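Peer 1: Residues per chain, in single letters:
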Amino acid sequence: MSKIIQIVSSRRTWAWPYVLFMALFVLLPLVLVAVYAFTDIDGHFTLHNFAKFFSHSEAISTFLYSVMIAVFNTLICLLLGYPAAYIMASADYRTPKVMAMLFILPMWINFLLRTVATVELFNICGLPLGEGALLFGLCYDYLPFMIYPIYNTLQKMDSSLVEAAQDLGANRWKCFWKVIVPLSLPGVYSGIVMVFMPTVSTFAIAELLTHNNIKLFGSLIQDYITTTDLLNYGAVLSLVLLVIIGVTSFFGEHDAKEDQKGGLV
Amino acid sequence: MQKPEFIIEVNHVSKQFEDGKYALNDVSLQVTKGEFVTILGPSGCGKTTLLRCIAGFQVASSGDILLKGEDVTQTPPYKRPVNTVFQKYALFPHLNVFNNVAFGLKLKKENPETIKKKVRRALKMANLTGYEEREVDTLSGGQQQRVAIARAIVNEPEVLLLDEPLSALDLKMRHDMQIELKELHEKLGITFIYVTHDQEEALTLSDRVVVMSEGKIQQIGSPTDIYNEPQNCFVADFIGESNILSGTMIKDRKVSFCGHDFDCIDEGFGENNPVDVVIRPEDIYVWRKEDEKRGKILGQEDDDYEDRVPKGKFTKWYGTVESCIFKGVHYEMRVLTPDNYEFLIQDYHEYLPGTEIGMLVKPEDIQIMKKEHYIYNYLEGEVLKNGKVRFMDADWDVNPQQAERFEPGTKVQVRVPFRSIDLQDYEEEGTLSGEVHFILYKGNHYHLTIRTDTGYDLYVNTNDVWDDGDRVGIVIPKNDILISELQSEETENE
Numbered sequence: 001m002s003k004i005i006q007i008v009s010s011r012r013t014w015a016w017p018y019v020l021f022m023a024l025f026v027l028l029p030l031v032l033v034a035v036y037a038f039t040d041i042d043g044h045f046t047l048h049n050f051a052k053f054f055s056h057s058e059a060i061s062t063f064l065y066s067v068m069i070a071v072f073n074t075l076i077c078l079l080l081g082y083p084a085a086y087i088m089a090s091a092d093y094r095t096p097k098v099m100a101m102l103f104i105l106p107m108w109i110n111f112l113l114r115t116v117a118t119v120e121l122f123n124i125c126g127l128p129l130g131e132g133a134l135l136f137g138l139c140y141d142y143l144p145f146m147i148y149p150i151y152n153t154l155q156k157m158d159s160s161l162v163e164a165a166q167d168l169g170a171n172r173w174k175c176f177w178k179v180i181v182p183l184s185l186p187g188v189y190s191g192i193v194m195v196f197m198p199t200v201s202t203f204a205i206a207e208l209l210t211h212n213n214i215k216l217f218g219s220l221i222q223d224y225i226t227t228t229d230l231l232n233y234g235a236v237l238s239l240v241l242l243v244i245i246g247v248t249s250f251f252g253e254h255d256a257k258e259d260q261k262g263g264l265v
Numbered sequence: 266m267q268k269p270e271f272i273i274e275v276n277h278v279s280k281q282f283e284d285g286k287y288a289l290n291d292v293s294l295q296v297t298k299g300e301f302v303t304i305l306g307p308s309g310c311g312k313t314t315l316l317r318c319i320a321g322f323q324v325a326s327s328g329d330i331l332l333k334g335e336d337v338t339q340t341p342p343y344k345r346p347v348n349t350v351f352q353k354y355a356l357f358p359h360l361n362v363f364n365n366v367a368f369g370l371k372l373k374k375e376n377p378e379t380i381k382k383k384v385r386r387a388l389k390m391a392n393l394t395g396y397e398e399r400e401v402d403t404l405s406g407g408q409q410q411r412v413a414i415a416r417a418i419v420n421e422p423e424v425l426l427l428d429e430p431l432s433a434l435d436l437k438m439r440h441d442m443q444i445e446l447k448e449l450h451e452k453l454g455i456t457f458i459y460v461t462h463d464q465e466e467a468l469t470l471s472d473r474v475v476v477m478s479e480g481k482i483q484q485i486g487s488p489t490d491i492y493n494e495p496q497n498c499f500v501a502d503f504i505g506e507s508n509i510l511s512g513t514m515i516k517d518r519k520v521s522f523c524g525h526d527f528d529c530i531d532e533g534f535g536e537n538n539p540v541d542v543v544i545r546p547e548d549i550y551v552w553r554k555e556d557e558k559r560g561k562i563l564g565q566e567d568d569d570y571e572d573r574v575p576k577g578k579f580t581k582w583y584g585t586v587e588s589c590i591f592k593g594v595h596y597e598m599r600v601l602t603p604d605n606y607e608f609l610i611q612d613y614h615e616y617l618p619g620t621e622i623g624m625l626v627k628p629e630d631i632q633i634m635k636k637e638h639y640i641y642n643y644l645e646g647e648v649l650k651n652g653k654v655r656f657m658d659a660d661w662d663v664n665p666q667q668a669e670r671f672e673p674g675t676k677v678q679v680r681v682p683f684r685s686i687d688l689q690d691y692e693e694e695g696t697l698s699g700e701v702h703f704i705l706y707k708g709n710h711y712h713l714t715i716r717t718d719t720g721y722d723l724y725v726n727t728n729d730v731w732d733d734g735d736r737v738g739i740v741i742p743k744n745d746i747l748i749s750e751l752q753s754e755e756t757e758n759e
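Residue numbers (our numbering), protein chains in the order written: chain D, 1 to 265; chain P, 266 to 759.
Derived by calculation from the structure, the hints in this document are not laboratory data. Incorrect hints may appear among the rest.
Here are some chain D residues the structure puts well away from chain P; computed CB gaps all over 10 Å [claimed, not checked]:
no.	residue
1	Ala23
2	Leu28
3	Leu30
4	Gly43
5	Phe45
6	Leu47
7	Gly132
8	Ser160
9	Leu161
Restricting the straight-line Cα-Cα distance to at most 25 Å, the calculated cross-link-like pairs of lysine-lysine (BS3-like) are [as the list claims (entries may be wrong)]:
no.	chain 1	residue 1	chain 2	residue 2
10	P	Lys371	D	Lys178
11	P	Lys382	P	Lys344
12	D	Lys174	P	Lys382
13	P	Lys373	D	Lys174
14	D	Lys174	P	Lys743
15	P	Lys344	D	Lys174
16	D	Lys178	P	Lys374
17	D	Lys178	P	Lys344
18	P	Lys653	D	Lys174
19	P	Lys519	D	Lys174
20	P	Lys373	D	Lys178
21	P	Lys383	D	Lys178
22	P	Lys353	D	Lys156
23	D	Lys178	P	Lys353
Stretch by stretch, here's where chain D covers chain P in the computed footprint (C-beta under 8 Å, at least three residues) [stated by the list, open to error]:
no.	stretch
24	357-363
25	369-382
26	492-505
Source: prediction; values computed, not measured. By construction, the Cβ of each residue, glycine as well, lies at the ideal position given by its N, Cα and C atoms.
Taking the hints into account, I'd like the entire structure generated from these sequences.
Peer 2: Right, here's the structure in full:
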């Protein structure tokens, strides 16, 4: 009896459903993607799909374009998000709550709905849809993911460090660049990873905000995967994207110090 | 140009927070060049606020602060020729030891060679040679403290401010660092302003001690002055152990307390005026009463009786040892006299509980202090229509005979004796609630300061034991509330 209680109350037992879930819905799909990437339509091993990708200029240029869009979006989010986080972390205690609320509010709505609404907004204002609208939409969707990690690190920062810098002769400007910025880098890395990775693989936002005129890598993958005889090629594209995401997140992890990691919202 | 006399002058500085409370209340302090001044007080007394005002992290609400004769009250911290050692070190975690120390010099754009030389020298001063490349989070608390000190002194400040720098260290480390700080002060020859709540640290390190409480300076003086001649009960109670008793100054050099008359050396307290008497526990001489009875004044059994107890016409009094605890160097005893006065005594000899002992104290070891408040709390009140009186923002029942003498609406003076205030365990049982704010044991009773929730201080004498911070309900029997015409500006101290 006591053995049963022990088994039931052990953490290991409770972890099993999650392990099973992850094996089925995270690990298995990954393995499937890899298997499809290295096989042809009949299930035979082949590297032909990879060869096709590296000689397929449209795919490569779409890929580079997606990365560029993601880099731009990440940069804009950083430029807009850092000051916002800084204001929220340093202002008196009522303002940040209101601001945080305002940033959170749009996130209560499904992002597709938000994007559709953005399209309508552009239409009402008579603004053209296209690259500009795409960047606007991406930024609107992902800005909070940049603000929160930075806000977290800034808020947790010991205020006596800023005082120490002032005490040693640093004016506000120098204090900001020499102490606040370096110490908030872990949050910045988190923010970059959290904005960059989803933007690289985005497709729905691009479709909606450009009337399907601009194709991002995500849309490309979607096209191929849904076309039966190009499924294996789509798997290769997915794999390439996965590797890129893996590499960026590795850099993010590597640079963030354990104890100062910006909270991933 | 005339050389300024003081390196730091703090003139009538007050700091009021948004909620209206004073962190500093009219504080004035002058510091001469090269001095080691310690600001001492319990937490929340305003000592750190004072330091932060000098450093520039906080701006005084009124008054001014002069550094080398120059008004810096509004000057931002980065322009002041002072450096601070912070309580929790505040080392930059993203820089190694060398870069932490070099931070200030790099900001001043000194050339790399000079920086290197100066950093080396500062690290050597702080006994940290060889630690240049270490990351600060790999250092122990004591080493981090040394880095913080090196980082401050490398800038060659005129004044070094230290905000409880040793409070995070263990006892042994703290003692070592105290000695190092003292040596450092001598080597550098600059002014140190040191904030601490540790009285031993203050007495050991400083040339001068500033005792603070409730945002006010209670006493400024050398460690020996502060210890031997406390100016008020707060200082006497806060610095070291002490017996504080209520007494009466009969005339110059004659004081009466615990039912006896004593010779003392204090003058100028008037005749038959109430005073507070302070006797340090180590200043009371004790001997076995039975030895005296048997005529063993020359003491065959307790053979150093003769040497220990001073001869002469001293007032002696007697009591019974209640408890005796060995404290390492001495024994600490609680002694109760027949009329229920309790004395704390430290002696190298052990007297077991139950022993009847004789006590005496030399006139120069009796410290007389002006009584800050005598018997009554004096408050301003207003007579209300329903026969109640409103004071301390509460309505109190009073004896109708008292209230009827005044028209409703009249402003009156209210007197409440310390003795007659009744404190209740449950705050809701009182007309007003408050918190025990300060406790003083007066030998045979406790003298409490109650801070009411409406923000008034009320003095209470009681035999009940309360703890600091206890919540109490305040009850005043209606016959003990004495009201009289409001007299202009007359207070209890006159």
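Peer 1: Taking the hints in turn, state whether each one holds.
Peer 2: Structure-based check of all given hints:
In this structure Ala23 of chain D is separated from chain P by more than 10 Å, as the shortest Cβ-Cβ distance comes to about 38 Å. Non-interface status of Leu28 of chain D relative to chain P is upheld: no Cβ of that chain comes within 10 Å, the nearest being about 42 Å off. Distance to chain P confirms Leu30 of chain D as a non-interface residue, since its nearest Cβ pair spans about 36 Å, more than 10 Å. Consistency note on Gly43 of chain D: stated as away from chain P, and its beta-carbon is indeed over 10 Å from all of that chain's, at 53 Å minimum.
Once the 10 Å rule is applied to beta carbons, Phe45 of chain D is consistent with being away from chain P; the minimum gap is 49 Å. In this structure Leu47 of chain D is separated from chain P by more than 10 Å, as the shortest Cβ-Cβ distance comes to about 46 Å. Taking the minimum C-beta to C-beta distance to chain P, about 38 Å, the non-interface status of Gly132 of chain D holds against the 10 Å cut. Chain P draws Ser160 of chain D into its interface by the beta-carbon criterion, the shortest separation being 4 Å against a cut-off of 10 Å.
A Cβ of chain P approaches the Cβ of Leu161 of chain D within 10 Å, the least distance being about 5 Å, so the stated non-interface status is violated. For the hint pairing Lys371 of chain P with Lys178 of chain D, the CA-to-CA distance comes to about 11 Å; that is within 25 Å, so the pair holds. With a C-alpha separation of about 24 Å, the suggested pairing of Lys382 of chain P with Lys344 of chain P holds against the 25 Å cut-off. Annotation: proposed proximity of Lys174 of chain D to Lys382 of chain P holds, straight-line Cα distance about 24 Å (limit 25 Å).
At roughly 11 Å between alpha-carbon atoms, Lys373 of chain P and Lys174 of chain D fall within 25 Å of each other, so this suggested pair holds. This hinted pair does not check out: Lys174 of chain D and Lys743 of chain P have alpha carbons roughly 65 Å apart, beyond 25 Å. The hinted pair formed by Lys344 of chain P and Lys174 of chain D meets the criterion: a straight-line CA distance of about 13 Å does not exceed 25 Å. The suggested pairing of Lys178 of chain D with Lys374 of chain P holds, with an alpha-carbon distance near 14 Å, which does not exceed 25 Å.
For the hint pairing Lys178 of chain D with Lys344 of chain P, the CA-to-CA distance comes to about 17 Å; that is within 25 Å, so the pair holds. This hinted pair does not check out: Lys653 of chain P and Lys174 of chain D have alpha carbons roughly 63 Å apart, beyond 25 Å. Under the criterion of a C-alpha separation no larger than 25 Å, the hint pairing Lys519 of chain P with Lys174 of chain D is inconsistent with the structure, at around 66 Å. With a CA separation close to 13 Å, the supplied pair Lys373 of chain P and Lys178 of chain D stays within the 25 Å bound.
For the proposed pair Lys383 of chain P and Lys178 of chain D, the alpha carbon gap of about 21 Å is at most 25 Å, so the pair holds. Taking the CA atoms of Lys353 of chain P and Lys156 of chain D, the gap is near 15 Å; set against the 25 Å cutoff, the hint holds. Only pairs whose Cα atoms come within 25 Å are accepted, and Lys178 of chain D paired with Lys353 of chain P is accepted, the gap being roughly 20 Å. Remark: the stretch 357-363 of chain P is confirmed as covered by chain D, as 3 of its residues place a Cβ nearer than 8 Å to a Cβ of that chain, reaching the required three.
Check result for the stretch 369-382 of chain P against chain D: holds, 3 residues qualifying (beta carbon to beta carbon below 8 Å, three or more required). Check on the stretch 492-505 of chain P: 0 of its residues sit with their Cβ under 8 Å from a Cβ of chain D, so the three-residue criterion for coverage is violated.
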